[in-house]
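2 protein chains.
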Amino acid sequence: LNFENRKARVIVTLSLIEKKKLRSLLTKKGRESRREFLAEGVRLLEESIRWHRLPRKVYYCRARSNERLETLINQFDKEAVPIQPISTIELNQISDTLAGQGIIALFDIPQHNLDKAVISDAKMILLLDNISDPGNAGTLIRSALAFGIDLVLTTSNAVEIYNPKVVRSSAGAMFGLPVLAIEPTALVRLKKEENFRVLAADLRGETVDAALSHLKEKDNLILAIGAEASGLTASILKLADIRIRIPHEKAVESLNAAVAGSIIMKELYNRRTVDKR
Amino acid sequence: LNFENRKARVIVTLSLIEKKKLRSLLTKKGRESRREFLAEGVRLLEESIRWHRLPRKVYYCRARSNERLETLINQFDKEAVPIQPISTIELNQISDTLAGQGIIALFDIPQHNLDKAVISDAKMILLLDNISDPGNAGTLIRSALAFGIDLVLTTSNAVEIYNPKVVRSSAGAMFGLPVLAIEPTALVRLKKEENFRVLAADLRGETVDAALSHLKEKDNLILAIGAEASGLTASILKLADIRIRIPHEKAVESLNAAVAGSIIMKELYNRRTVDKR
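Chains as they are written, first to last, in this note's numbering: chain A, 1 to 277; chain B, 1 to 277.
What the hints contain is simulated information worked out from the structure, not anything from laboratory work.
Don't take every hint at face value.
In this list, chains with the same sequence are indistinguishable; a pair is considered to hold if it fits within one copy or across any two.
Capping the alpha-carbon separation at 30 Å, the derived lysine-lysine pairs in DSBU-like fashion look like this [claimed, not checked]:
| # | residue 1 | residue 2 |
| --- | --- | --- |
| 1 | Lys165 | Lys28 |
| 2 | Lys29 | Lys57 |
| 3 | Lys250 | Lys57 |
| 4 | Lys123 | Lys57 |
| 5 | Lys28 | Lys216 |
| 6 | Lys192 | Lys250 |
| 7 | Lys123 | Lys250 |
| 8 | Lys165 | Lys29 |
| 9 | Lys218 | Lys250 |
| 10 | Lys218 | Lys123 |
So here's chain A without its partners, still in its complex pose (with noise of 0.2 Å):
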């Protein structure tokens, strides 16, 4: 019995009410309401600390320490980031993953608005329209911020950026540039009072070549990407100035809309980096 109750002993270091608060960021509904979220793992947590995107408080587990994770927590410390030990136990209570790296931390979401401020940087601008898969869409981040993109936007019909899949499948990109959910009366406003080209992902456009023939190197672009089945959904294909697709063997009906939408970006990518030569 005695062995039984110290097997059984764990240290509980989380208030229930806080235990409660942070299970519930692991559904959509939770971080809606609390305007917060979750991110995990050493890496993506170094990258939180390279762009200065500070969590509210910082959650890890001593059991599982490592020198990688403990210079994490020094940064953090030294950034005046409250530091909350809790046991494996608990780290696998607010946790989304079964094999997490030893630490978790509490973000606020971000209040971006399409105002003139973030509107007036951007000149290329990547829309997510209709993007389901949580692996993509945080795919999709990562090669935007790789490729100079400034500015993410997503569609109400594309999976929400906060989900703990599209946060680590950023790999910390999030961290490192705006992405925010736009209506699409926004859109239509955005390109014409910023003057403003789409270039839309579309399977029956014009090859890469020739659809990037017609651009100015001046001009500002928003790329719409779609889902890999559906495709982008019709209001936003009528905004657009130029449909493009990527050549394939017909072996295969459509790439998928990370892989598409990435090549597409490094081609744009390409194209400016070449110029400025």
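Please arrange chain B on chain A, whose structure you already have, making use of the hints.
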């Protein structure tokens, strides 16, 4: 009590032995010992018909039926594939997804060998090394078929090809080209005896344009893609004739492995198809 009984009554049409067998295929151990795997969903199984890679047996759920599913069932029937109706509960028991599409099929794992017949047809090979994420592995197989790769090889430290998540994210592409696991020694032999050049994706490599300029049109190629964090294993990297990287902003440490591999495949494909014009 009567009402309860009626609710509990389901059409059980699978024998316990068959159900146990199918459930064992949800594990790597089960797939490897039985040399069988499951593929699920309408779109995926339409591809199996298109590529004439027919299953041993099809299980489907009448309650989930629709026109597209009925058409598919009729096609399997014409091809003399045994068709077994099962209940929704049974379908959920043998599926690895929560929201199945009403159809699942049992396939033999093809017994490819790296023999002369497979090799002599292959000019372009994709090698997946260290790729542990099943979504990335499946996406790379899909891009491989799209960009004219003839053969996909995987090393023993990559995810197993018949993992349901790999099958699903390949979107049926795995029915369209041979995919097989090999030993590292086989790769050394392949390079020497069959005169392949090895192109390795590596963050310290040359840019895409520079790397591809070293290639001749007639070259037989092996493109090796490794994991994002750790890269290629040392033994594979040692075999590389050319190391290749995709230029991008320093804001991001690396691209997603499926994105990086697909971009390089697309560049190789462009080069060959443009050369043909």
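Hints, verified against the model:
1. Lys165 with Lys28: Both. Shortest intra-copy (12 Å) and inter-copy (24 Å) distances satisfy the 30 Å Cα cut-off.
2. Lys29 with Lys57: within (21 Å within a copy, 41 Å between copies)
3. Lys250 with Lys57: between (50 Å within a copy, 28 Å between copies)
4. Lys123 with Lys57: neither (34 Å within a copy, 54 Å between copies)
5. Lys28 with Lys216: neither (40 Å within a copy, 52 Å between copies)
6. Lys192 with Lys250: neither (37 Å within a copy, 33 Å between copies)
7. Lys123 with Lys250: Answer is between; shortest inter-copy Cα gap is 19 Å, intra-copy 34 Å.
8. Lys165 with Lys29: both (16 Å within a copy, 27 Å between copies)
9. Lys218 with Lys250: Between copies, since 23 Å is at most 30 Å while 35 Å is not.
10. Lys218 with Lys123: Within one copy only: 9 Å inside a chain, 41 Å across chains, cut-off 30 Å.
This entry does not satisfy hints 4, 5, 6, going by the numbered hints stated previously.
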